[in-house]
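Colleague: Here are the chains, one letter per residue:
2 protein chains.
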Amino acid sequence: MRELAVVLVSGGMDSCVVLALAARDHDLALLHVTYGQRTWRRELQSFHALADHYGVSRRLVASIGYLREIGGSSLLDERLPVPEGPPGRGIPSTYVPFRNAHLLAIAASWGEVMGARRIFFGAMEEDSSGYPDCREAFVQAFNRLVEVGTRPETRLEVVAPLLHLRKSEVVRLGVELGAPFELTWSCYQREDRPCGRCESCVLRARAFREAGVPDPLTSAPGR
Amino acid sequence: MRELAVVLVSGGMDSCVVLALAARDHDLALLHVTYGQRTWRRELQSFHALADHYGVSRRLVASIGYLREIGGSSLLDERLPVPEGPPGRGIPSTYVPFRNAHLLAIAASWGEVMGARRIFFGAMEEDSSGYPDCREAFVQAFNRLVEVGTRPETRLEVVAPLLHLRKSEVVRLGVELGAPFELTWSCYQREDRPCGRCESCVLRARAFREAGVPDPLTSAPGR
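Sequence lines, in order, name chains A and C. If you're matching positions, the first sequence starts at 2 in the working numbering and goes up one per residue. If you're matching positions, the second sequence starts at 2 in the working numbering and goes up one per residue.
The hints are simulated quantities; they were obtained by calculation from the structure and are not laboratory data. All figures in this text were calculated on a predicted structure; none of them were measured in a lab. Glycine included, C-beta positions come from ideal geometry on N, C-alpha and C. Incorrect hints may have been included.
As the list claims (entries may be wrong) - If you want the ones that stay clear, here's a sample from chain A, every Cβ over 12 Å from chain C, calculated:
| hint | residue |
| --- | --- |
| 1 | Met2 |
| 2 | Gly13 |
| 3 | His54 |
| 4 | Ala63 |
| 5 | Gly66 |
| 6 | Glu70 |
| 7 | Ile107 |
| 8 | Asp134 |
| 9 | Asn144 |
| 10 | Leu166 |
Unchecked claim - Label-pair distances were calculated between CB atoms; the ranges are:
| hint | chain 1 | residue 1 | chain 2 | residue 2 | range |
| --- | --- | --- | --- | --- | --- |
| 11 | A | Arg80 | C | Asp28 | 20 to 28 Å |
| 12 | A | Glu158 | C | Arg156 | 56 to 64 Å |
| 13 | A | Ser94 | C | Glu85 | 50 to 58 Å |
| 14 | A | Val62 | C | Arg59 | 41 to 49 Å |
| 15 | A | Arg210 | C | Val62 | 41 to 49 Å |
| 16 | A | Pro82 | C | Pro153 | 19 to 27 Å |
| 17 | C | Asp78 | A | Pro87 | 27 to 35 Å |
| 18 | C | Arg156 | A | Arg191 | 46 to 54 Å |
| 19 | C | Arg156 | A | Glu79 | 53 to 61 Å |
| 20 | A | Glu154 | C | Pro82 | 20 to 28 Å |
| 21 | C | Val62 | A | Arg42 | 34 to 42 Å |
| 22 | A | Arg42 | C | Pro82 | 48 to 56 Å |
| 23 | A | Cys196 | C | Leu178 | 31 to 39 Å |
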C-alpha cells in the first residue's frame with residue numbers, strides 16, 4: 002500500500018514539480034492555502050487544474066484571510082508596489098511574515114487527522130527570493146515542532162525535495178517527470194497573462210532559459 | 002518605553018491570568034482565534050470583555066474555520082461527544098490536532114509586523130488535559146521556528162508563564178493580580194451557564210476549590 006502524503010500546491014511551477022515527484026509513489030491529499038494575495042483567483046484555478054491532471058480528489062482549500070489584515074507584505078497590501086526585476090539583497094517586500102509556518106501547520110493538522118506520513122513542500126533555498134521561511138533550518142525546526150506537538154503515534158515529516166536545487170534544475174526535473182507547467186501560475190501581479198517584470202516572473206523566465214526549455218505559459222500564447 | 006507583547010486570549014481563566022501578568026509591564030496587542038469550536042460566540046464575548054477591562058484597543062480576531070473542516074476533535078465535530086469528568090489517561094478527544102501551532106503562528110506574524118518582543122501564551126503542562134502542544138518542549142521548538150523563520154532583525158519570543166503551575170496556583174496568582182475571572186468562559190459545551198460536567202468545567206471547579214476561592218462564574222448566579 003502506498004503511504005499518504007499531503008502536498009502543498011500553490012499553483013506555481015515549484016509546487017507542480019513537487020506534486021509530480023510525490024505522485025510517483027504516494028497516495029495524495031492536496032492542500033491549497035489562499036491568504037488574500039493579489040492573484041489568488043488564478044492560483045486557485047491552477048491548483049484545481051493540477052489536482053484534476055493528477056486525478057486527486059482529496060483536496061483542501063484553506064483560507065487564512067487574517068494574513069491580509071496583519072499585512073506587512075507587498076503581496077497583500079495593494080498600496081505597496083510589487084518590486085520588479087530579479088531579487089536584490091536582503092529580504093524583499095514580497096515576504097509575507099512567517100507565512101510558511103501557517104501553511105505547514107495546516108498541512109500538519111490535516112495530515113495528523115488523516116494519518117499521512119509526509120508533507121511535500123516546494124521551498125527553495127538557493128536561487129530564490131531569500132525568504133527566511135524557505136530555508137533548510139526552517140524545515141528542520143518545523144519537523145521538531147511536529148514531533149513534539151502532535152500525538153505520540155503521529156509519524157509525519159515535512160520533506161522539501163527542491164530545497165537545494167537551482168530553479169533551472171527544477172525545470173529539468175519537471176520536464177523529466179512530465180509536469181504540466183502549462184497549468185501553473187507564477188506572476189505576482191496579473192491574472193490574465195504573466196507581467197514578465199515581477200520578481201517571480203523574472204526568476205521563472207531565467208530558470209526556463211537556463212534549462213533550455215520553452216515555458217509553455219509564455220511561448221505558446223494560443224495555448 | 003514599554004515593550005509590545007501579543008497576548009493570546011481565548012477568553013478562559015488561564016489566558017485571563019496571563020493577560021493580567023502581561024499588562025503589568027507591556028504595551029498590549031490581544032489576539033483571539035476562533036476555529037469553529039462549539040462555544041465560540043461566548044468565548045469571543047469574553048475576549049472583548051477582557052480587552053475592554055484592560056483598555057486594550059489593539060485587537061485581532063482571526064478565524065481559522067478550516068480546522069473544523071479538518072476535524073478530528075470532539076470540540077469541532079458535533080457528532081462526537083465531549084468527554085465528561087476529569088481527564089483520563091492519554092490524549093482526550095477534545096485535542097484539536099496541532100492547534101496551538103496555528104495560534105502561535107498568527108501571533109508571530111502579527112508580532113513580527115508590529116515589532117513586538119514577546120508572545121504571552123497560557124499553556125499549562127501540569128494539571129491539565131495533556132495536549133502535546135501545551136508542553137514546554139513545544140514552546141521551545143516554536144521559539145526555534147520563529148528564530149529561523151522570520152527576518153533577522155525580528156526579536157520575538159513566546160513566553161508561557163503558567164507552564165509549570167498547578168491550576169489552583171493560577172487561580173491564586175489571578176486573585177493577587179486582580180484578574181477579572183467573572184468575565185471568562187471555560188465550558189466546552191454550553192454558552193449560557195457552565196455545564197459543570199465537561200473536562201474543562203471539572204478542572205476549573207477543582208482549581209478554585211483547591212485555591213479556596215469562590216469562582217465568580219458559578220458562585221454568584223445573579224452576577
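Colleague: Does glycine 66(A) really sit off the interface, with its C-beta more than 12 Å from all C-beta atoms of chain C?
Modeller: violated, 8 Å
Colleague: CB of proline 82(A) to CB of proline 153(C), is that within 19 to 27 Å?
Modeller: 23 Å Cβ-Cβ, so the 19 to 27 Å window holds.
Colleague: Measuring from beta carbon to beta carbon, are valine 62(A) and arginine 59(C) in 41 to 49 Å?
Modeller: Since the Cβ atoms of valine 62(A) and arginine 59(C) sit about 30 Å apart, the hinted range of 41 to 49 Å is violated.
Colleague: Lying within 20 to 28 Å: is that true of the beta-carbon distance glutamate 154(A) to proline 82(C)?
Modeller: Given a distance of about 22 Å, which is inside 20 to 28 Å, the answer is holds.
Colleague: Just checking, histidine 54(A) versus chain C, shortest CB gap more than 12 Å?
Modeller: Histidine 54(A) clear of chain C: closest Cβ-Cβ about 24 Å, beyond 12 Å.
Colleague: According to the definition I'm using, a residue is off the interface if its beta carbon is farther than 12 Å from all beta carbons of the partner; does glycine 13(A) meet that for chain C?
Modeller: The claim holds: glycine 13(A) sits with its nearest Cβ about 20 Å from chain C, beyond 12 Å.
Colleague: Taking the minimum C-beta separation from alanine 63(A) to chain C, is that value above 12 Å?
Modeller: violated, 4 Å
Colleague: Should the hint that glutamate 158(A) and arginine 156(C) are 56 to 64 Å apart at their CB atoms be regarded as holding?
Modeller: violated, 30 Å
Colleague: Just double-check isoleucine 107(A) for me: nearest Cβ-Cβ distance to chain C has to come out over 12 Å.
Modeller: violated, 6 Å
Colleague: Far enough from chain C: is every CB of that chain over 12 Å from the CB of methionine 2(A)?
Modeller: holds, 21 Å
Colleague: Within 46 to 54 Å: is that where the Cβ-Cβ distance between arginine 156(C) and arginine 191(A) falls?
Modeller: Violated, at about 37 Å.
Colleague: Could you let me know if the closest chain C CB is still more than 12 Å away from the CB of asparagine 144(A)?
Modeller: Not fine: 9 Å to the nearest Cβ puts asparagine 144(A) too close to chain C.
In terms of the numbered hints stated before, the structure departs from hints 4, 5, 6, 7, 8, 9, 12, 14, 17, 18, 19, 21, 22, 23, listed from lowest to highest.
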